[in-house]
Amino acid sequence: MQASYFAKKIIRSVLTIWLVVTFTFAALHMSGDPIEALVGDQAPAAVVAHYREKFGLDRPLWEQYVSYLHSIALGDFGLSMSDQKPATTLIAEALPNTLRLGLVSFIGGLTGGVVLGIVAALNRNRPVDRFVMSFAVFGFSMPNFFLGILLMLLFALHLRVLPSAGADTGWHLILPAITLGTHFAGTFARFTRSAMLEVMNKQYMTAARAKGAPQARRVFWHALPNAAIPILTIVGLKLGDLVAGSIVVESVFAWPGIGRLLVGAVTSRDFALVQAILIMVAITMMLTNLAVDFIYTIVDPRMRTSEGARA
Amino acid sequence: MKPWITTVARWRKKERSLVTAEARFPALVVAALVFMAFIFLVAILADVIAPYDYRAQSLRLRLASPVFLEGDLRHILGTDELGRDVFSRLLYATRFSIVIALAGTLMGATLGTLLGFIAAHYRGTVEEGIMMLADVQASLPFMLIALALIAAFGGSVLLFTAIMGIYGWEVFARLTRGVVLSANGQGYATAMTALGAPPRHIYWRHILPNILSVLIVQFTLNFPQVILLETSLSFLGLGIRPPLTSLGQMLGAGRAYITTAWWVAILPGSLIFLTTMSISIIGDWLRDRFDPTLRNQ
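Each protein sequence line maps, in turn, to chains A and B.
Under the numbering used here, the first sequence has 14 at position 17, and the numbering climbs by one with no breaks.
All you need for the numbering used here is the position in the second sequence, starting with 1, plus 64.
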């Protein structure tokens, strides 16, 4: 059963990627004449015709679509209009920075959030719990661009202890990572708390207590693995927030990653670069979601049976 | 029913309502409701309250301090880099941000609910198609879709609002489809069908009122997200652009002067934060009240 479950998921993911690619093709064609944008509307007809032929724009639409799919499948996204480098080269240059910032923020936010959530659940309705929950509300209501500016104002301009922009040293990572991670810490704290509270009422927790297991063992050995299942779902869902968040945070802190590259490309309407980033992110997200589904079956043995997968 | 039973029931209810008034309307929720009422009032009355035109420049009075930093009374919240009155700009920015977010959320809710009804009514291929589109949108961060659309079609206000209107439709479509499918199996819908009511009548008069509370809760959960989306994009210079303004646009333009005139950026930023936080608090509270499965937690 497991194989067919994953086959279905994979087919769905491929379909989604195909729809995204088709969407970019359609957007590219509905957004106006690229030749006119390139040579201007005063250009002689012969020049326009020359460029049309050169870029294959004189061929029927379906032929253009097929050759578009073909080049995307080969990883050829065309040249960035503004600096005439292949879009993939620009992405490859920016990718390590984005991964560094994204991973540090996500792992930091996840760990911090889970720890806070456990602490809140263990101290339910006490001041500690209230404090953690206030932080959680703060974390996911605070716009990341505003938090970034506030942190920059405090740590870079007033206290002068951290750099405000760029990515030259490890110190440069701290402010953007805190900005991006706070949102996740807030979200995960909330979900961990409710997942833990749910689990702690279960009979196996009473049983663990009755047989004399110490609290640390009960929390980390009995409760947490069971609470991990809903938390894992959120991890998969929050990945999109990480991408969206890094677009903004990278721009605030002049962090030379994919997000800033994308904002620059949208500003200059460099669609070759925009579509390359769009498709690449879509593929990454599909793969990660498949990975999360796969981790599910490891964490939760019930998912390995047909009933579990459907539930 | 015997009269004394109703009397006791009424008395019990009264007692309960007194005891649980605080539990049902926590102070934080009341504060959030009051703040949102204030924000909506500001958005409606912006042109009445504003002492200046929000675009009026006065280049001799650039980056003037607000009153609480020993500025003078002409510009109570100071001026920005072009000598425009920050107070008046805040009022109009609030209006623009609220109107766009409200329009966007409403469009998304209407579109999604409609598609949800269509999917549940026609089933088959139509349903598959709609749900697949919903899956695609759910699997990508909407920020990315919005940026791609802006890159392709440019940044007119109308288009930008329309993009905000695509946000979140998939949540409403999934919700509506699910609820309509289960409602179709319930007695009241079957009874109406047996009485010969056309499907449109059943959906509009009988099923919609029953799922309205769910939709309203979802609306309040989506609303702050649309505000964040609009302000983020405007902050990046890709949403609402000058001469128009929004809270995000003010913050984005003002951050260059953060060392010399922090109020130009911090004031609109604080308004965004307080607004999204208030609506989140109200949305959570509504969800807890309408969702009976959460009531005993």
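Please keep in mind that the hints were generated in silico from the structure rather than gathered at the bench.
It is possible that some hints are incorrect.
Beyond 10 Å from chain B on every Cβ pair, some chain A residues (computed) [unchecked claim]:
| # | residue |
| --- | --- |
| 1 | Ala40 |
| 2 | Leu66 |
| 3 | Thr85 |
| 4 | Met202 |
Over the 10 Å line for every Cβ pair with chain B, so calculated as not near, a few chain A residues [unchecked claim]:
| # | residue |
| --- | --- |
| 5 | Lys5 |
| 6 | His67 |
| 7 | Thr86 |
| 8 | Val278 |
| 9 | Met282 |
| 10 | Pro298 |
Now the in silico label distances, taken between C-beta atoms and shown as ranges [stated by the list, open to error]:
| # | chain 1 | residue 1 | chain 2 | residue 2 | range |
| --- | --- | --- | --- | --- | --- |
| 11 | A | Ala42 | B | His265 | 44 to 50 Å |
| 12 | A | Pro211 | B | Tyr321 | 55 to 61 Å |
| 13 | B | Glu192 | A | Pro211 | 50 to 56 Å |
| 14 | B | Phe104 | A | Ser265 | 50 to 56 Å |
| 15 | B | Glu192 | A | Ser265 | 23 to 29 Å |
| 16 | B | Val221 | A | Ser265 | 16 to 22 Å |
| 17 | A | Gly261 | B | Thr324 | 23 to 29 Å |
| 18 | A | Arg157 | B | Leu137 | 30 to 36 Å |
| 19 | B | Ala320 | A | Ile7 | 57 to 63 Å |
| 20 | B | Ala320 | A | Lys51 | 38 to 44 Å |
| 21 | A | Arg49 | B | Tyr321 | 45 to 51 Å |
| 22 | B | Thr324 | A | Ile292 | 45 to 51 Å |
Yeah, the Cβ is synthetic: ideal placement off N, Cα and C, and Gly gets one too.
Now for the hints, and whether the structure bears them out:
no.	hint	in the structure
1	Ala40	holds (21 Å)
2	Leu66	holds (17 Å)
3	Thr85	holds (17 Å)
4	Met202	holds (16 Å)
5	Lys5	holds (12 Å)
6	His67	holds (21 Å)
7	Thr86	holds (19 Å)
8	Val278	violated (6 Å)
9	Met282	violated (6 Å)
10	Pro298	holds (26 Å)
11	A:Ala42 to B:His265: 44 to 50 Å	violated (59 Å)
12	A:Pro211 to B:Tyr321: 55 to 61 Å	holds (56 Å)
13	B:Glu192 to A:Pro211: 50 to 56 Å	holds (53 Å)
14	B:Phe104 to A:Ser265: 50 to 56 Å	violated (37 Å)
15	B:Glu192 to A:Ser265: 23 to 29 Å	violated (39 Å)
16	B:Val221 to A:Ser265: 16 to 22 Å	holds (20 Å)
17	A:Gly261 to B:Thr324: 23 to 29 Å	holds (26 Å)
18	A:Arg157 to B:Leu137: 30 to 36 Å	holds (35 Å)
19	B:Ala320 to A:Ile7: 57 to 63 Å	violated (47 Å)
20	B:Ala320 to A:Lys51: 38 to 44 Å	holds (42 Å)
21	A:Arg49 to B:Tyr321: 45 to 51 Å	holds (47 Å)
22	B:Thr324 to A:Ile292: 45 to 51 Å	holds (50 Å)
Hint compliance for this structure: hints 8, 9, 11, 14, 15 and 19 are broken, all remaining hints hold.
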